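A.B. asks: Sequence:
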Amino acid sequence: MTKHVIKALLLLCLVYAQPSFALAKLGHQLVCQLAFEHLPESKQQRIKQLLAFIPAKEQRRINRYNHTKESDEITFAKACTWADAIKKQDSYQQYNAWHYMNLPRSNTNVIANSCDKNCLPQAILYHQNKLQHLDVSWQKTQALLFLGHWLGDIHQPLHVSYASDLGGNKIKLAKQKQCTNLHWYWDSCILAQSQRTYVQWLSLLAAQWHKKSTPAYQPAQVWLWADQSYQLVRKNSFQYCQLDSAGEASNKRCVQPRKTVVLTDNYQQVHLPIMEQQLLLAAKRLQKVLEASL
1087 MTKHVIKALL LLCLVYAQPS FALAKLGHQL VCQLAFEHLP ESKQQRIKQL LAFIPAKEQR
1147 RINRYNHTKE SDEITFAKAC TWADAIKKQD SYQQYNAWHY MNLPRSNTNV IANSCDKNCL
1207 PQAILYHQNK LQHLDVSWQK TQALLFLGHW LGDIHQPLHV SYASDLGGNK IKLAKQKQCT
1267 NLHWYWDSCI LAQSQRTYVQ WLSLLAAQWH KKSTPAYQPA QVWLWADQSY QLVRKNSFQY
1327 CQLDSAGEAS NKRCVQPRKT VVLTDNYQQV HLPIMEQQLL LAAKRLQKVL EASL
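Counting in my numbering, the sequence shown tops out at residue 1380, every number present.
If you're looking for bench data, these hints aren't it; they were derived computationally from the structure.
Treat the hints with care, since some could be wrong.
No farther apart than 20 Å at their CA atoms in a straight line, the calculated lysine-lysine pairs in the PhoX-like style are these [claimed, not checked]:
1. K1345 x K1256
2. K1216 x K1203
3. K1143 x K1155
4. K1129 x K1263
5. K1298 x K1374
6. K1143 x K1226
7. K1216 x K1134
8. K1226 x K1374
9. K1226 x K1134
10. K1203 x K1256
11. K1345 x K1263
12. K1345 x K1321
13. K1134 x K1374
14. K1258 x K1321
Quick caveat, the model's predicted, so the values are computed rather than measured.
Taking the hints into account, I'd like the entire structure generated from these sequences.
C.D. replies: Given below as structure tokens:
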């Protein structure tokens, strides 16, 4: 009898379980879904046309990565996680360094051409050009999927940071049961602790869409986007960068942070609105990039 009860309960859990979103995936899906919804229908149709070129093997990989049935439809939002799903594949290893941008600790800002290859701003430039000029093909679809992912990454502040602490991955967080380093916290827990669902996040961000206009895309903007993220991580309240005591504030060097930090009691309250605005900026800017490229 007990075995039958347990089986029944497990079945009910499977039937009524909500779709699973790892929250790093959630951020990318929100950015791409919002951008997609605000594109003209003609551009949406071009995206759908490109999604049809995703090979069956890669469709299954995307669905597995997102914990959905392998046969489920691939949406643009879901496909924007593909760049993370392939990180361990030998044929795509060359792109792993493109997810971030490392700077010297002496840099007080990001300027144009702060890196010349294999970094996040250059990845955006490279795949935007590919999306714009390639004929319709799987290669053009790859450019679309990478581009959607890169726009999310460049707005996660710790993707523009320092190699010595792996973008905050080596900064341990005390008193955290999950997300035990600072990078992980900004990838996941800052959204998870809001306790909002995917639908609630979409509604919240969509309601803010028209409050501020976004200029048409120009390639030089990628360096400004990177600098905006970098200025966030240099703030004392972010608890990542400890500015050297010498010199003017605008010229201070970020010294090696402590290996373990305790987030302030109001850290979530202060920084969740910042992450909301980063997601919104990423989506609005992705929309402009896609308008210019499709």
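A.B. asks: So which of those numbered hints doesn't the model satisfy?
C.D. replies: As far as the earlier hints go, 4 and 10 are violated by this structure, in ascending order.
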